[in-house]
Amino acid sequence: MLFMAFSFVSPLFILHASPVLKKASLVTLWQPQAQFAGYYVALDKGFYAKRGLDLRIIPGVAGRSSEEVLRKGEADFAVLWLATAIRERFSGTRLLNLYQFIPGSSLMLVTRKTTGIRRLEDLNMRKVGLWDGTLSILPRFLFKKFDIRVREVRQSYTVNLFLRGGVDAASAMWYNEYDVLVQSGIDADELNVFFLNDYGVKFPEDGIYALESTVSKDPALAKAFLEASLEGWRYAFGHPEECVEIVVRYMQKAHIPANRAHQKWMLARMHDLALPAAGSLLDGFLKKQDYEEVAHEMLEAGLIRSFPPYSSFTWRPHEGE
Numbered sequence: 001m002l003f004m005a006f007s008f009v010s011p012l013f014i015l016h017a018s019p020v021l022k023k024a025s026l027v028t029l030w031q032p033q034a035q036f037a038g039y040y041v042a043l044d045k046g047f048y049a050k051r052g053l054d055l056r057i058i059p060g061v062a063g064r065s066s067e068e069v070l071r072k073g074e075a076d077f078a079v080l081w082l083a084t085a086i087r088e089r090f091s092g093t094r095l096l097n098l099y100q101f102i103p104g105s106s107l108m109l110v111t112r113k114t115t116g117i118r119r120l121e122d123l124n125m126r127k128v129g130l131w132d133g134t135l136s137i138l139p140r141f142l143f144k145k146f147d148i149r150v151r152e153v154r155q156s157y158t159v160n161l162f163l164r165g166g167v168d169a170a171s172a173m174w175y176n177e178y179d180v181l182v183q184s185g186i187d188a189d190e191l192n193v194f195f196l197n198d199y200g201v202k203f204p205e206d207g208i209y210a211l212e213s214t215v216s217k218d219p220a221l222a223k224a225f226l227e228a229s230l231e232g233w234r235y236a237f238g239h240p241e242e243c244v245e246i247v248v249r250y251m252q253k254a255h256i257p258a259n260r261a262h263q264k265w266m267l268a269r270m271h272d273l274a275l276p277a278a279g280s281l282l283d284g285f286l287k288k289q290d291y292e293e294v295a296h297e298m299l300e301a302g303l304i305r306s307f308p309p310y311s312s313f314t315w316r317p318h319e320g321e
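The C-terminal residue of the sequence shown carries number 321 in this note's numbering, and the numbering is unbroken.
Just so you know, these hints were derived from the structure itself, not from any lab. Errors might be hidden in some of the hints.
[To be verified] Subject to a maximum C-alpha distance of 20 Å in a straight line, what follows is the list of computed EDC-like cross-link-like pairs (lysine to aspartate or glutamate):
1) 50 to 74
2) 113 to 44
3) 144 to 132
4) 202 to 68
5) 264 to 290
6) 202 to 74
7) 264 to 241
8) 45 to 227
9) 223 to 241
10) 50 to 68
[Said to hold, decoys possible] Ranges of calculated distance between the beta carbons of each label pair, as one might list FRET restraints:
11) 197 to 61: 42 to 48 Å
12) 125 to 91: 29 to 35 Å
13) 216 to 30: 18 to 24 Å
14) 49 to 254: 18 to 24 Å
Here a beta-carbon is modelled for each residue, glycine too, at the ideal position from N, C-alpha and C.
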């Protein structure tokens, strides 16, 4: 009788088995932190699985760029800055912008007031810390725009060089290194900050990209990924305390030191950056004017020699219907 019972139940179990999820992957710019909270929240809360995706998040690492991982087909989606993506497209990688999460720039140069650097021009012939790779595009563009010659110093992904007086100015993100400096014991009123945005370098930062071949082959995959990611960000902004705990859990899993206060600051700043002027996440598609302005600026600076039309650089979910 026991065998008969199992023989009867087994077909029902098969009929109600969970559907097979479609594997997908996202490479971020850096290791787990609140800068990428929406993706980790969407993964943790099952928003990707709800849309049929088995998503794997590939953290960025020093020495290997996210655009390289995307270019080699080792990730389906990538978080990239717009300037990086435009240069990558010029180099021959057929990538597409699916969504522009951060419409402006949060990059800044930070100096101690004791250095006497009060104006941008005061950086002339001073030691300035710059990150490797594509993250140096914007500061160098700023220096060229204002005809400022600096003594470039390679900056690691910590603020130690600045704290030890190894540079006169350091590169910093508003949502990250600036807060790290303040938490390290430097009072905010001891610092001068130069937001690149304030000097006309309003290059949009974090956007979601995919190879053209990925999107054309499976537009439903791109749409599902985008919808789940935005749901994750909406949830993250609506539940900041829970979100920080989720992020910290992923940081600890990756054996990364986790500071809840810093992650809370980072999430709040990401909210400010992603939702300027009380906008909506639904408004976050890359604007044609922003794309063309950045592309023309890069063209004039000699960073690229051509760029594709806006319609060839972007993709929208309705295009996959």
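task: With a cut-off of 20 Å on the C-alpha distance, tell me whether residue 113 and residue 44 pass.
output: Cα-Cα ~43 Å, so violated.
query: Given the proposed pairing of residue 45 with residue 227, does the C-alpha separation stay at or below 20 Å?
result: 14 Å, holds
- prompt: Are the Cα positions of residue 264 and residue 241 separated by 20 Å at most?
  reply: 8 Å, holds
- request: Could you grab the alpha-carbon distance between residue 144 and residue 132 and see if it respects the 20 Å cut-off?
  value: Satisfied, since the Cα-Cα distance of roughly 18 Å is no more than 20 Å.
task: Given the hint that residue 202 pairs with residue 68, test it: the Cα-Cα distance must not exceed 20 Å.
output: The given pair, whose Cα atoms are some 24 Å apart, is violated under the 20 Å limit.
Status of the given 18 to 24 Å range, CB of residue 254 versus CB of residue 49: 21 Å, holds
- prompt: Is it true that the CA of residue 50 sits at most 20 Å from the CA of residue 74?
  reply: The hint is violated at about 24 Å.
- prompt: Is 29 to 35 Å right for how far apart the beta carbons of residue 125 and residue 91 are?
  reply: Since residue 125 and residue 91 have Cβ atoms about 32 Å apart, the given range 29 to 35 Å holds.
field: 18 to 24 Å as the expected CB spacing between residue 30 and residue 216, which holds or is violated
entry: 29 Å, violated
query: Is the hinted pair residue 264 and residue 290 satisfied, with a Cα-Cα distance of at most 20 Å?
result: With Cα atoms ~29 Å apart, residue 264 and residue 290 exceed 20 Å; violated.
- prompt: Between residue 202 and residue 74, is the straight-line Cα distance small enough, at 20 Å or below?
  reply: 30 Å, violated
task: Kindly confirm whether 42 to 48 Å is satisfied by the beta carbon distance between residue 197 and residue 61.
output: 28 Å, violated
In this structure, the hints that do not hold are numbers 1, 2, 4, 5, 6, 9, 10, 11 and 13, in rising order.
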